[in-house]
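**Student:** This is what each chain is made of:
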Amino acid sequence: DTAVSQTPKYLVTQMGNDKSIKCEQNLGHDTMYWYKQDSKKFLKIMFSYNNKELIINETVPNRFSPKSPDKAHLNLHINSLELGDSAVYFCASSPSNTEAFFGQGTRLTVV
Amino acid sequence: AQSVTQLGSHVSVSEGALVLLRCNYSSSVPPYLFWYVQYPNQGLQLLLKYTTGATLVKGINGFEAEFKKSETSFHLTKPSAHMSDAAEYFCAVVYGGATNKLIFGTGTLLAVQP
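Line by line, the protein sequences give chains A and B.
The working numbering numbers the first residue of the first sequence as 1 and each following residue consecutively.
The working numbering numbers the first residue of the second sequence as 1 and each following residue consecutively.
Worth flagging that the hints you see were computed from the coordinates, not collected in a lab.
Where hints are given, some of them may not hold.
[Unchecked claim] Just so you have them, the derived chain A footprint on chain B, three or more residues with Cβ under 8 Å:
{"id": "1", "region": "57-70"}
{"id": "2", "region": "88-94"}
[Said to hold, decoys possible] Derived BS3-like pairs: lysine-lysine, alpha-carbon spacing no greater than 27 Å straight-line:
{"id": "3", "chain 1": "B", "residue 1": "K68", "chain 2": "B", "residue 2": "K49"}
{"id": "4", "chain 1": "A", "residue 1": "K67", "chain 2": "B", "residue 2": "K101"}
{"id": "5", "chain 1": "A", "residue 1": "K36", "chain 2": "A", "residue 2": "K19"}
{"id": "6", "chain 1": "A", "residue 1": "K22", "chain 2": "B", "residue 2": "K69"}
{"id": "7", "chain 1": "A", "residue 1": "K44", "chain 2": "A", "residue 2": "K67"}
{"id": "8", "chain 1": "A", "residue 1": "K52", "chain 2": "A", "residue 2": "K36"}
{"id": "9", "chain 1": "B", "residue 1": "K58", "chain 2": "A", "residue 2": "K71"}
{"id": "10", "chain 1": "B", "residue 1": "K58", "chain 2": "A", "residue 2": "K67"}
{"id": "11", "chain 1": "B", "residue 1": "K68", "chain 2": "A", "residue 2": "K44"}
{"id": "12", "chain 1": "A", "residue 1": "K52", "chain 2": "B", "residue 2": "K58"}
{"id": "13", "chain 1": "B", "residue 1": "K69", "chain 2": "A", "residue 2": "K71"}
{"id": "14", "chain 1": "A", "residue 1": "K19", "chain 2": "B", "residue 2": "K58"}
{"id": "15", "chain 1": "A", "residue 1": "K52", "chain 2": "A", "residue 2": "K40"}
{"id": "16", "chain 1": "A", "residue 1": "K19", "chain 2": "B", "residue 2": "K101"}
{"id": "17", "chain 1": "A", "residue 1": "K40", "chain 2": "B", "residue 2": "K101"}
{"id": "18", "chain 1": "A", "residue 1": "K71", "chain 2": "B", "residue 2": "K68"}
{"id": "19", "chain 1": "A", "residue 1": "K52", "chain 2": "A", "residue 2": "K67"}
{"id": "20", "chain 1": "A", "residue 1": "K41", "chain 2": "A", "residue 2": "K19"}
{"id": "21", "chain 1": "A", "residue 1": "K19", "chain 2": "A", "residue 2": "K40"}
{"id": "22", "chain 1": "A", "residue 1": "K9", "chain 2": "B", "residue 2": "K69"}
{"id": "23", "chain 1": "B", "residue 1": "K69", "chain 2": "A", "residue 2": "K52"}
{"id": "24", "chain 1": "A", "residue 1": "K71", "chain 2": "A", "residue 2": "K40"}
{"id": "25", "chain 1": "B", "residue 1": "K101", "chain 2": "A", "residue 2": "K44"}
{"id": "26", "chain 1": "B", "residue 1": "K101", "chain 2": "A", "residue 2": "K36"}
{"id": "27", "chain 1": "B", "residue 1": "K68", "chain 2": "A", "residue 2": "K52"}
{"id": "28", "chain 1": "B", "residue 1": "K101", "chain 2": "B", "residue 2": "K68"}
{"id": "29", "chain 1": "B", "residue 1": "K58", "chain 2": "A", "residue 2": "K9"}
{"id": "30", "chain 1": "A", "residue 1": "K36", "chain 2": "B", "residue 2": "K49"}
{"id": "31", "chain 1": "A", "residue 1": "K44", "chain 2": "A", "residue 2": "K19"}
{"id": "32", "chain 1": "B", "residue 1": "K58", "chain 2": "B", "residue 2": "K101"}
[Unchecked claim] A few chain A residues that face chain B, going by a derived Cβ cut-off under 8 Å, partial list only:
{"id": "33", "residue": "P8"}
{"id": "34", "residue": "Y10"}
{"id": "35", "residue": "K41"}
{"id": "36", "residue": "L43"}
{"id": "37", "residue": "M46"}
{"id": "38", "residue": "S48"}
{"id": "39", "residue": "I56"}
{"id": "40", "residue": "N57"}
All residues carry an ideal CB built from backbone N, CA and C; glycine is no exception.
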């Protein structure tokens, strides 16, 4: 029933580990995003995919690699995690140049 | 650079009082404009949006916003605050083109006092 779902909701891991966050939308939207929300609540776009094609990559370290196997899924893999990667990561989708629909977020804590 | 500014990172009102959260955008071309609300430990929920047409838009939970091109503003209002309105509010813009890039303001934390 959930429109945009991401897993896991919480992720605690050690520095240097590799982790993935999965996202799925059942809204039939063509565009999906990853946003990062820092400790000050600031939301910054990381990536945007349109029909499985990367269209926005906002100077994100190449330790972050998005993968879109189909237009309903956009996963985020992070290599060699660092303390500064701790944040809440939001997946979102949108039909066009209109509003985005957000998942519940994944709180990543790197220790 | 394209940006959106929210004046006031914290706003406190009494229950029943008017809520006014400010948002200004920087563009000579009117963008699409949005207000989102984020409750603690939740995702973002769309309150309302302006794309074209009527400049006063009504959203959920009694909120409304008015697009004023001359002032490049899209302030959010609610006539009477309720305790359940306490949350973080984000103004966001899409400047069009093919990129579908939603740019957020820094957010305003609304506190509602009994």
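**Student:** Holds or violated: is there a CB of chain B closer than 8 Å to the CB of A:N57?
**Tutor:** violated (11 Å)
**Student:** Are the Cα positions of A:K52 and B:K58 separated by 27 Å at most?
**Tutor:** The given pair, whose Cα atoms are some 34 Å apart, is violated under the 27 Å limit.
**Student:** Should the interface hint for A:S48 be scored as holding, given a Cβ-Cβ cut-off of 8 Å against chain B?
**Tutor:** holds (6 Å)
**Student:** Measure nothing beyond the straight line between the CA atoms of A:K19 and A:K40; if it is 27 Å or shorter, mark the hint as holding.
**Tutor:** holds (23 Å)
**Student:** Hint validation: A:P8 versus chain B, beta carbon distance must be below 8 Å. Holds or violated?
**Tutor:** This hint is violated: A:P8 lies away from chain B, its Cβ roughly 14 Å from the closest one there, beyond 8 Å.
**Student:** Between A:K19 and B:K58, does the CA-CA distance stay at or below 27 Å?
**Tutor:** violated (41 Å)
**Student:** Holds or violated: A:K44 with A:K67, Cα cutoff 27 Å?
**Tutor:** holds (19 Å)
**Student:** Establish whether the coverage given for the region 88-94 of chain B by chain A is satisfied; the threshold is a Cβ-Cβ distance below 8 Å, and no fewer than three residues must meet it.
**Tutor:** It holds: at least three residues are needed, and the region 88-94 of chain B offers 3 whose Cβ sits within less than 8 Å of chain A.
**Student:** Measure nothing beyond the straight line between the CA atoms of A:K36 and A:K19; if it is 27 Å or shorter, mark the hint as holding.
**Tutor:** The hint holds at about 15 Å.
**Student:** Using the nearest Cβ pair, does A:M46 come within less than 8 Å of chain B?
**Tutor:** violated (11 Å)
**Student:** Is the hinted pair B:K58 and A:K67 satisfied, with a Cα-Cα distance of at most 27 Å?
**Tutor:** violated (37 Å)
**Student:** Assess, step by step, whether the Cα of B:K101 is no farther than 27 Å from the Cα of A:K44, and give holds or violated.
**Tutor:** holds (10 Å)
Of the numbered hints listed earlier, those contradicted by the structure are 1, 6, 9, 10, 12, 13, 14, 15, 18, 22, 23, 24, 27, 29, 33, 34, 37, 40.
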